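Colleague: If you read the sequence shown in the working numbering, its first letter stands for residue 1, the second for the next number, and so on.
These are calculated hints, taken from the structure and not from any lab test.
A few of these clues could be false.
Beta-carbon label-pair distances, calculated as ranges [unchecked claim]:
no. : residue 1 : residue 2 : range
1   : 123       : 160       : 22 to 30 Å
2   : 284       : 126       : 15 to 23 Å
3   : 212       : 127       : 14 to 22 Å
4   : 177       : 298       : 22 to 30 Å
5   : 57        : 215       : 18 to 26 Å
Computed list of lysine-lysine pairs in DSBU-like fashion (alpha-carbon distance at most 35 Å, straight line) [as the list claims (entries may be wrong)]:
no. : residue 1 : residue 2
6   : 246       : 293
7   : 102       : 246
8   : 244       : 102
9   : 102       : 41
Please read all numbers here as calculations on a predicted model, not as lab measurements.
Yeah, the Cβ is synthetic: ideal placement off N, Cα and C, and Gly gets one too.
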Amino acid sequence: MAELESRPEAGEHPETEHHQDPLEDSDGTTDLFRALGKQIKLLRERAGLTQRELGERLRYGEDLISSVERGRRVPQPELLEAADQALDAGGLLAGVTDDVVKAKTRARVRHPAWFRDYARIEAEAVELNFFSTLTVPGLLQTEDYARLTFSLRQPLLPEEVIEQRVAARLARQELLTRWPSPIVTAVLDESVLLRRIGGREVQLAQLRHLHHLGQLRSTSIQVLPLSCEDYAGHDGPFVLLTPKGKNPVAYLEVQGVSRLVTDQDQVRIMAARYGGIRGQALTPRESLALIEKMLRER
Numbered sequence: 001m002a003e004l005e006s007r008p009e010a011g012e013h014p015e016t017e018h019h020q021d022p023l024e025d026s027d028g029t030t031d032l033f034r035a036l037g038k039q040i041k042l043l044r045e046r047a048g049l050t051q052r053e054l055g056e057r058l059r060y061g062e063d064l065i066s067s068v069e070r071g072r073r074v075p076q077p078e079l080l081e082a083a084d085q086a087l088d089a090g091g092l093l094a095g096v097t098d099d100v101v102k103a104k105t106r107a108r109v110r111h112p113a114w115f116r117d118y119a120r121i122e123a124e125a126v127e128l129n130f131f132s133t134l135t136v137p138g139l140l141q142t143e144d145y146a147r148l149t150f151s152l153r154q155p156l157l158p159e160e161v162i163e164q165r166v167a168a169r170l171a172r173q174e175l176l177t178r179w180p181s182p183i184v185t186a187v188l189d190e191s192v193l194l195r196r197i198g199g200r201e202v203q204l205a206q207l208r209h210l211h212h213l214g215q216l217r218s219t220s221i222q223v224l225p226l227s228c229e230d231y232a233g234h235d236g237p238f239v240l241l242t243p244k245g246k247n248p249v250a251y252l253e254v255q256g257v258s259r260l261v262t263d264q265d266q267v268r269i270m271a272a273r274y275g276g277i278r279g280q281a282l283t284p285r286e287s288l289a290l291i292e293k294m295l296r297e298r
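Generate the whole structure from the sequences, applying the supplied hints.
Modeller: Right under this line is the structure:
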């Protein structure tokens with residue numbers, strides 16, 4: 001896998017993300033998801049249900065129903081089949097589940113070119129480990145938090161690119177709840193939780209989302225407190241991934257420059273650092289208690 005490590009040629013900078021990247025959705029997947037969302041909304045309104053009421057019937061959150069109706073989150077086949085029955089759609093929704101599965105596969109290529117190697121490895125990983133010092137890792141972000149991170153980038157991204165990348169990021173998050181799910185651990189610097197990206201409401205929703213994810217059997221979230229005196233994370237954030245049947249790799253991203261590290265000596269060093277960082281962090285139980293405390297105080 002050594003060929004995956006970024007090596008720019010003379011005069012080229014393939015590691016750097018540019019706002020001129022072509023639109024990632026050239027196959028109509030976004031249009032399909034938007035059309036399905038509109039159909040669900042029309043059927044829901046015909047049935048006289050609010051988004052909250054439909055969510056309660058389907059055992060999904062109101063936010064998820066809203067995102068699906070707006071075409072911003074991929075409607076899962078299970079949701080479509082359940083909604084078809086609850087809304088008496090007569091197979092209108094259940095009949096397109098195969099098309100949605102195919103579209104989800106195509107949607108994975110909507111990431112910018114510089115990110116696609118990472119996205120491909122992430123999708124087949126059996127273990128993912130995040131250390132974050134600046135923002136919540138993309139895999140753990142809410143929709144609004146993700147949109148803010150893209151909207152604030154300089155140079156500015158076009159609105160259509162922002163929406164496509166938000167949708168692609170949300171689609172990646174399906175691996176957290178699939179079966180079998182990968183083992184996911186994340187160590188977040190406490191400053192990440194304190195920084196009010198997007199304002200109070202966005203921050204609160206993100207904290208609630210992290211608290212929910214931290215209770216999944218396959219996901220462990222730890223907070224590295226600001227009071228830590230022997231801080232082992234001074235070299236900055238990184239990700240460790242272990243693809244099924246392959247050697248682990250590491251991923252670095254800073255100031256729009258990304259690098260996929262495949263040299264096993266370097267990966268082992270970063271894995272050792274991650275072990276030291278986890279050892280300094282609060283336990284998962286203590287970390288959830290801290291997040292609960294932050295929610296109460298805000």
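Colleague: For each hint, tell me whether it holds in the structure or not.
Modeller: How the hints compare with the structure:
1. 123 to 160: 22 to 30 Å: 24 Å, holds
2. 284 to 126: 15 to 23 Å: Since the Cβ atoms of residue 284 and residue 126 sit about 20 Å apart, the hinted range of 15 to 23 Å holds.
3. 212 to 127: 14 to 22 Å: Distance hint for residue 212, residue 127 holds at roughly 21 Å.
4. 177 to 298: 22 to 30 Å: Cβ of residue 177 to Cβ of residue 298: about 27 Å, so the range 22 to 30 Å holds.
5. 57 to 215: 18 to 26 Å: 24 Å, holds
6. 246 to 293: Roughly 40 Å separates the two Cα atoms, so the pair is violated.
7. 102 to 246: 26 Å, holds
8. 244 to 102: With a Cα-Cα distance of about 23 Å, the restraint between residue 244 and residue 102 holds, given a limit of 35 Å.
9. 102 to 41: 23 Å, holds
When the structure is compared with the earlier hints, a violation turns up for hint 6 alone.
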